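Visitor: Here is how the chains run, residue by residue.
There are 2 protein chains.
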Amino acid sequence: MNIHAKRIKDLQYLLKKNRLDAVVVDRKLETSFLTGYKQEGVVLLVTRNGAWGFMPKMFVDDFNAFAGSFVKASAPDTLMGAAVQKARELKLKKTAFEPETATYQSGNFWKKSGFAEHAGLIQPLRAVKEGEELELLRKSCRIAAKAFGVLKPKIKTGCTERSVACELDHIMQKMGATGPSFSLIVGFGPNSALPHHETSDRKLRNNEAVLIDYGCVYGGYCSDITRTYFHGRPSDEFRKVYAIVDRSQKAGVAKVRAGVDSRDVDSACRDIIADAGYGQYFTHSTGHGIGLEIHEAPRLSVKSTGPLAAGMAVTVEPGIYLHGRFGVRIEDSVLVTRTGREILTK
Amino acid sequence: MNIHAKRIKDLQYLLKKNRLDAVVVDRKLETSFLTGYKQEGVVLLVTRNGAWGFMPKMFVDDFNAFAGSFVKASAPDTLMGAAVQKARELKLKKTAFEPETATYQSGNFWKKSGFAEHAGLIQPLRAVKEGEELELLRKSCRIAAKAFGVLKPKIKTGCTERSVACELDHIMQKMGATGPSFSLIVGFGPNSALPHHETSDRKLRNNEAVLIDYGCVYGGYCSDITRTYFHGRPSDEFRKVYAIVDRSQKAGVAKVRAGVDSRDVDSACRDIIADAGYGQYFTHSTGHGIGLEIHEAPRLSVKSTGPLAAGMAVTVEPGIYLHGRFGVRIEDSVLVTRTGREILTK
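Going line by line, the protein sequences match chains A and B.
The numbering used here applies: residue 1 is where the first sequence begins, and numbers increase by one.
The numbering used here applies: residue 1 is where the second sequence begins, and numbers increase by one.
Calculated directly from the structure, the hints in this document are not laboratory data.
For clarity, every value in this text was computed on a predicted model and none was experimentally measured.
Just to be clear, a hint being listed does not mean it is correct.
Given that identical chains are not distinguished, each listed pair holds provided it fits within a single copy or across any two copies.
Unchecked claim - Computed cross-link-like contacts, PhoX-like style, restricted to lysine-lysine with a CA-CA straight-line distance of at most 25 Å:
1) Lys9 <-> Lys112
2) Lys16 <-> Lys93
3) Lys152 <-> Lys17
4) Lys16 <-> Lys57
5) Lys203 <-> Lys16
6) Lys139 <-> Lys17
7) Lys156 <-> Lys303
8) Lys146 <-> Lys6
9) Lys91 <-> Lys240
10) Lys38 <-> Lys93
11) Lys174 <-> Lys72
12) Lys111 <-> Lys156
13) Lys203 <-> Lys139
14) Lys72 <-> Lys93
15) Lys139 <-> Lys112
16) Lys240 <-> Lys111
17) Lys346 <-> Lys303
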């Protein structure tokens, strides 16, 4: 069965389980996840045993090539209005929309039309990767991991952060990526101590830290990886901090397993850094899910809850940031498997 | 005066004009437009004579380097809750939020907190470009326009669409762009007839159309441009269709002027194509605003209303698409000036 047809089936199963008659979906990430058709501006109505797609006329042929066999496409005057109309025609009693992904205007339109907020229908489907998407995610991560080896010998004193980001992006695209998965972060020296540094024209000097947080998109799937190293002869403190972060990151990765609470991965990383006396310099959460979005469910943080499940893909990325001096972050993308984990960015 | 401080002042002027006490802003595009600080996760409360920024602790130092002189930053436990608290402390009677940019969850939070929907506060400020952003937009468009001249000689029989997109992206980044402004569209042969074609691994053959719809980001500003040409010896029909689209596009550009209704630019383009007998093959609207987003206000379509104003930047991009054969689209980014227009992608 076509992977997208299967996702619609999975969603229909969730409708039954949640005693819903239907759900409307209007954001591109979700409509493309469910149909394979990647244009913005498609509205879907999925019932327990059918699926309708409402879209501009110029999309219909192309949409049908993707999803014509399991979604009935049409081009009405108003897309959202047509979904409401169809729900009425079908005499559906309880149609849901997802509050997490709705805009203020779309969500309130659905609400006024008598549809009900219902969280956790498509997001849980997206969080657990399966079939073809596992291969796409693996390839995305493999490209990212391999690119660093090609890039590193080219990073020389005098390079700007931006030129390195540009080169890295190009290397990944030549390996098959369609683009970067977010605005690539290259930080030299003190810039490496800013977790969300914006890549600049600063030049690399001798004897300073290099932090590169990057990833690519392949087949729609986002990879995420961070590598830090010292350009020149590392100070004792850099070595020490690097070793702590490395230990912390490996402990976090080792904790990743189906059934483990997401918060426990965070504390596995955080405890090691805290015990080493650098707790206050690890200023962000430990990780996040990756997939069609660079940040998606689940989260791995002090506040996160819920067990990891086989098929989830997460980052593990502790760091220590010494303001004005240097920062170290080490990050891998990791897949939760049935029996443990698979490091995707190896 | 700092451009961002000026924007806050402009917004405060709009608050007075609209009899509002304050506005809350929680989307990155708008918070960065108003402060210069480009991280997601900042909540602003702008009153008639003050501005507060609520953000995670790790952002505060960096935020202050951008906007510390005109926005008071703090790191409370809950960002949106702190904005509501501050509005109460200040005894504000009417605080607005923008329904166009709110999410379902944020908008309804503001509503429940007693804030009021009020459209058209920051979006009109964003639509009219001024000062530094004019230069950034000009440079973004210049890079895009120049890149085509570098790229074209490299496009040869046997190239894939994706390899051309990759090369084009790299050329623009080497010229200073930080990345593409959207997923670049390269369409060969029949793929050129799909207005929203997804760039593929299809190879270029002799004697077929090449359509490239692309742009870059420079200093946060998006350019948008489309070039179509024939690889080989063009058929009479390609020549004819190209000439019609060219005439249509020039007529549209010539219509762009402050005070002209946006719909009239659309009809200037559409009438020429319709009169030539190809009306049904021009299946999309004529253009859209560009700026921090690749699609923003104003729109140029059959349905759009409202006059163009000096400082607005729009695309003019008519096309004719002959399904299964070829398509022609010609697009420039155009700035509305006080006395007429400036073609930015020349």
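Visitor: All hints are to be evaluated individually against the structure, with a verdict given for each.
Guide: Hints and how they fare:
In this assembly of identical chains, the alpha carbons of Lys9 and Lys112 never lie at most 25 Å apart, being 28 Å within a copy and 36 Å across copies at closest. Taking CA atoms no more than 25 Å apart as the test, Lys16 paired with Lys93 passes inside one copy only; the shortest distance there is 13 Å, against 46 Å between copies. Neither within a single protomer nor between protomers do Lys152 and Lys17 lie at most 25 Å apart by alpha-carbon distance, with minima of 51 Å and 55 Å respectively. Taking identical chains as interchangeable, the C-alpha atoms of Lys16 and Lys57 are never at most 25 Å apart, the minima being 32 Å within one chain and 43 Å between chains.
With identical chains, the CA atoms of Lys203 and Lys16 are never at most 25 Å apart, being 58 Å at best within one copy and 46 Å at best between copies. Proximity of Lys139 and Lys17 under a CA criterion of 25 Å is satisfied in neither setting, with 34 Å inside one chain copy and 54 Å between copies. Taking the shortest Cα distances, Lys156 and Lys303 never come within 25 Å of each other, neither inside one copy (41 Å) nor across copies (54 Å). Neither within a single protomer nor between protomers do Lys146 and Lys6 lie at most 25 Å apart by alpha-carbon distance, with minima of 32 Å and 46 Å respectively.
In the homo-oligomer, the alpha carbons of Lys91 and Lys240 never lie at most 25 Å apart, since the shortest distance is 66 Å inside one protomer and 52 Å across protomers. In the homo-oligomer, the alpha carbons of Lys38 and Lys93 never lie at most 25 Å apart, since the shortest distance is 30 Å inside one protomer and 44 Å across protomers. Proximity of Lys174 to Lys72 under the C-alpha cut-off of 25 Å is found in neither arrangement, the shortest distances being 38 Å within a copy and 45 Å between copies. Taking identical chains as interchangeable, the C-alpha atoms of Lys111 and Lys156 are never at most 25 Å apart, the minima being 57 Å within one chain and 53 Å between chains.
Proximity of Lys203 to Lys139 under the C-alpha cut-off of 25 Å is restricted to the inter-copy arrangement: shortest distance 22 Å between copies versus 32 Å within a copy. Proximity of Lys72 to Lys93 under the C-alpha cut-off of 25 Å is restricted to the intra-copy arrangement: shortest distance 21 Å within a copy versus 49 Å between copies. In this homomeric assembly, Lys139 and Lys112 never come within 25 Å of each other (Cα to Cα): the closest approach is 43 Å inside a single copy and 45 Å across copies. Taking the shortest alpha-carbon separations for Lys240 and Lys111, neither the intra-copy value of 55 Å nor the inter-copy value of 50 Å comes in at or below 25 Å.
In this assembly of identical chains, Lys346 and Lys303 lie within 25 Å of each other by CA distance neither inside one copy nor across copies; the values are 28 Å within and 52 Å between.
Hints 1, 3, 4, 5, 6, 7, 8, 9, 10, 11, 12, 15, 16 and 17, counting from the list given before, are not met by this structure.
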